[in-house]
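J.: Here is what each chain is made of, one letter per residue.
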Amino acid sequence: MSYLKRSPWVIHYDGTSCNGCDIEVLASLAPRYDLERLGVINTGNPKHADIFLITGSMNDQNREVVQNIYEQMPDPKVVVAIGICATSGGIFSECYNVLGGVNKVLPVDIYVPGCAARPESIIDGVEKALKILEDKKHKLVAMGLGTEILAIEPANIEDAAEILALQKLAYQSEAELYNDFAFPPLMQTLSELKEDFKTIIFFKAVMNGIIIGSVRGYVKDDTCYIYRRIVHPIYQNLGIGKKLMNEIEFHFGFASRFEVFTGHKSKRNINFYERLGYRMFKCEKVNDKRHRVYMEKFADRI
Amino acid sequence: MKIFISIIAYITLAPFLGAILAGVDRKITARMQGRVGPPILQPFYDVLKLMEKESLVVRKSQNFYVVFFLIFIIFTGTLFFSGKDLLLVIFALTLAEIFFVLGGYKASSPYSIIGSQRALIQMMAYEPIIILAAVGMYMVTKSFYITDIISYDKPLFYFLPGLLFAFIYILPMKFSKSPFDLAYSHHAHQELVKGMTTEFSGRSLAMIEVAHWYENILMLGFVGLFFANNILIGVALTLSIYFLIIIIDNTFARVKWEMALMSSWIVGLLFGLGNIIFLFFVLR
Numbered sequence: 000m001s002y003l004k005r006s007p008w009v010i011h012y013d014g015t016s017c018n019g020c021d022i023e024v025l026a027s028l029a030p031r032y033d034l035e036r037l038g039v040i041n042t043g044n045p046k047h048a049d050i051f052l053i054t055g056s057m058n059d060q061n062r063e064v065v066q067n068i069y070e071q072m073p074d075p076k077v078v079v080a081i082g083i084c085a086t087s088g089g090i091f092s093e094c095y096n097v098l099g100g101v102n103k104v105l106p107v108d109i110y111v112p113g114c115a116a117r118p119e120s121i122i123d124g125v126e127k128a129l130k131i132l133e134d135k136k137h138k139l140v141a142m143g144l145g146t147e148i149l150a151i152e153p154a155n156i157e158d159a160a161e162i163l164a165l166q167k168l169a170y171q172s173e174a175e176l177y178n179d180f181a182f183p184p185l186m187q188t189l190s191e192l193k194e195d196f197k198t199i200i201f202f203k204a205v206m207n208g209i210i211i212g213s214v215r216g217y218v219k220d221d222t223c224y225i226y227r228r229i230v231h232p233i234y235q236n237l238g239i240g241k242k243l244m245n246e247i248e249f250h251f252g253f254a255s256r257f258e259v260f261t262g263h264k265s266k267r268n269i270n271f272y273e274r275l276g277y278r279m280f281k282c283e284k285v286n287d288k289r290h291r292v293y294m295e296k297f298a299d300r301i
Numbered sequence: 000m001k002i003f004i005s006i007i008a009y010i011t012l013a014p015f016l017g018a019i020l021a022g023v024d025r026k027i028t029a030r031m032q033g034r035v036g037p038p039i040l041q042p043f044y045d046v047l048k049l050m051e052k053e054s055l056v057v058r059k060s061q062n063f064y065v066v067f068f069l070i071f072i073i074f075t076g077t078l079f080f081s082g083k084d085l086l087l088v089i090f091a092l093t094l095a096e097i098f099f100v101l102g103g104y105k106a107s108s109p110y111s112i113i114g115s116q117r118a119l120i121q122m123m124a125y126e127p128i129i130i131l132a133a134v135g136m137y138m139v140t141k142s143f144y145i146t147d148i149i150s151y152d153k154p155l156f157y158f159l160p161g162l163l164f165a166f167i168y169i170l171p172m173k174f175s176k177s178p179f180d181l182a183y184s185h186h187a188h189q190e191l192v193k194g195m196t197t198e199f200s201g202r203s204l205a206m207i208e209v210a211h212w213y214e215n216i217l218m219l220g221f222v223g224l225f226f227a228n229n230i231l232i233g234v235a236l237t238l239s240i241y242f243l244i245i246i247i248d249n250t251f252a253r254v255k256w257e258m259a260l261m262s263s264w265i266v267g268l269l270f271g272l273g274n275i276i277f278l279f280f281v282l283r
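Chains as they are written, first to last, in numbering that gives the first Met the number 0: chain A, 0 to 301; chain B, 0 to 283.
Hints are computed from structural coordinates only; laboratory data are not their basis. What you are looking at is a predicted structure, and each value in this text was computed from that prediction instead of being measured. Just so you know, even glycine gets a beta-carbon here, dropped at the ideal spot from N, CA and C. Incorrect hints may appear among the rest.
[Unchecked claim] Simulated restraints, written as ranges between beta carbons of each label pair:
id, chain 1, residue 1, chain 2, residue 2, range
1, B, T93, A, M279, 16 to 26 Å
2, A, V64, B, I10, 43 to 53 Å
3, A, N96, B, K59, 39 to 49 Å
4, B, L94, A, C114, 48 to 58 Å
5, B, H186, A, F180, 47 to 57 Å
6, B, S60, A, G238, 24 to 34 Å
7, A, M279, B, R58, 31 to 41 Å
8, A, N96, B, E190, 27 to 37 Å
9, B, S60, A, D59, 47 to 57 Å
10, A, K241, B, P109, 26 to 36 Å
11, B, R58, A, G238, 21 to 31 Å
Working from the sequences, and respecting the hints, build out all of it.
T.: Here's what the structure looks like:
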């Protein structure tokens, strides 16, 4: 049995909140609602915390702070966005300096809407977060014990149908982000994908015999082009994307330059590649809705 | 054989007793603040949860020091509860604390360094009083051996009321409670995040918690020496002193380190040394 549910320690960060939600978060810890009866402690220290409570919308100044706190929290961890500003940006979402809700920066597990969110709904959100926390723990344990073995291996043409299905699932959130459902990864047909297998190397992440992630790449003029790194939505944030990247970079270790691209609004992808050592060098307009950001990394930086 | 049993009893029972005392403490604190409070077994849940979490470290050696902190606390406790020399107990306890402080320094975060510095200042504050308590007990019973001290026919606090007061004064430092929770505390986020334990997570933090349970039982045992001639009354008085510490914790605000150091030295000099000088003339 897991004890995560019995002792969730929280850290509370105020983005650009008006303090309404902050006061309600603290009110749910104070005598009337007393979250501590469920074992909740407000730690104030990311290294001790299990649940990250964020209030307020994200902007370019607090983006790095929020990411820093998130990365300092030990696994398993969950993120709870509290209040409508943290959920979507609320009435401030159109502001020139507001990126939007927390999900523009971090993977959010629970949304607690409201302006301000009531302590009852915050407690309910924390309660729901505990279930997700436990699920994440089970997945991590299963991966650690080897009952769910994660294998990263080259894919072949028989996997094409499964990879295509996964690709369409994984790119849904991107398509929603840009409101562009004519996205090339969503439009690709099976025969086109099978054609790709002739020129491109595919890698797949397999768990329990099911493909849950994939990445592809090829080398041209000493540069390795990596693209379409996809992970099944329920297996995201478990380090699978990073393992796929490491595998394909290792496979193309002879190349002196690596190049990836992503959409200009996909901040999380850009951050992900930055952590792996990639730097932005070019931004190109694809259509009215979408720009493409190109990022590169040189072999001596690996 | 008896020594062997008491060692085994301490090693196995002390963490349970310590955790239950910590749970009772949180419950009583919650009730004092008009809250319901967590279950009594909450400290167990916390530690078991910490065992399940990932352990992030700044430097690997910081965990090494924590292991030695735990080992030396257990060593000190077994010395104490098997009735060995009180002076040796005090020095071994100091060594254990020093390992913890080194761990805090090794993590090299500004908060853990501030916490470690404050822990050293606190040690400067309480060590004289603990040693004076041992000296006072020696003057009454003519022995540093705990077996001799507890078999003395009168309760020691008849002779050492000043030292008992000084000892209670420094107990919040050992339990890391207000007004002396300077080095690390659950309630000082704005000031020092989590002090010495800021950079510890997962298993090493669980080890620190378990070491504190051992240490709390050891300190309560030390308090019990003042009332040792009758076990039942001794346990009752020791627990009521623990309750007093909880009341103090909820009543007072955190003080600055200057105040902690100066006040405990003044109390130590006036009540501790005064008591010993008084004994010197009375028992001559």
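J.: Taking each numbered hint in turn, which are not upheld by the structure, reported in ascending numerical order?
T.: Those not satisfied are hints 1, 9.
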